[in-house]
Amino acid sequence: MNLGIIAHNSKKVLIEDFCIAYKNILAKHEVYATGTTGRRIEEATSLHVHKFLAGSIGGDKQFMEMVERQDLDMVILFYNPVMIDPKEPDITAIVRRCDQYNIPVATNIATAELLILGLARGDLDWRLNLK
1 MNLGIIAHNS
11 KKVLIEDFCI
21 AYKNILAKHE
31 VYATGTTGRR
41 IEEATSLHVH
51 KFLAGSIGGD
61 KQFMEMVERQ
71 DLDMVILFYN
81 PVMIDPKEPD
91 ITAIVRRCDQ
101 YNIPVATNIA
111 TAELLILGLA
121 RGDLDWRLNL
131 K
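Quick note: the sequence shown uses this note's numbering, first residue 1, plus one each step.
It is worth saying that the hints were derived from the structure and are not from the lab.
Please note that the accuracy of each hint is not assured.
As the list claims (entries may be wrong) - Below are the EDC-like pairs computed for lysine to aspartate or glutamate, each with C-alpha atoms no more than 20 Å apart in a straight line:
(1) K51 / E30
(2) K61 / D90
(3) K23 / D123
(4) K51 / E68
(5) K51 / D90
(6) K28 / E43
(7) K51 / E65
(8) K28 / E16
(9) K28 / E42
(10) K12 / D90
(11) K61 / D71
(12) K23 / E42
(13) K12 / E42
(14) K28 / E113
(15) K28 / D17
(16) K51 / D17
(17) K12 / E43
(18) K28 / D125
(19) K11 / D90
(20) K12 / E113
(21) K51 / E16
(22) K11 / E113
(23) K23 / E43
(24) K28 / D71
(25) K11 / E43
(26) K28 / D123
(27) K11 / E42
To be verified - Pair by pair, the computed Cβ-Cβ distance ranges are:
(28) S56 / L14: 17 to 25 Å
(29) Y101 / H50: 12 to 20 Å
(30) D123 / I57: 33 to 41 Å
(31) S56 / P81: 13 to 21 Å
(32) R39 / E113: 21 to 29 Å
(33) L47 / P81: 25 to 33 Å
Every residue gets a Cβ at the ideal spot worked out from N, C-alpha and C, and that includes glycine.
Generate the whole structure from the sequences, applying the supplied hints.
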């Protein structure tokens, strides 16, 4: 399956830790991420990550296009809700598109862990029927 990952600057360390913890699950799937997030995941885990541009220079739009084509099966999106920065990817727009296309999305570590463990168990295999 294709997994999309975005993390705002203040959540980069958290996404690295998440990916280290779940490296064995992530390794069985294709991981897509905005530029800096993808680079940091690769450095922390040695996983291959398909990288878009940095979110602030269009990577969020590339990410959104993949959502609209329904080419992502799950999205993990870590952001800081109390620190909105116009240079960061537009979280609301991404979540709205995921909802529109029935793509499971997690915006915090608690739901991300549920999704990744569900992915490992096969709970998201219904996505394969959409392709």
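Are any of the numbered hints broken by this structure? If so, which, sorted upward?
Structure breaks no hint.
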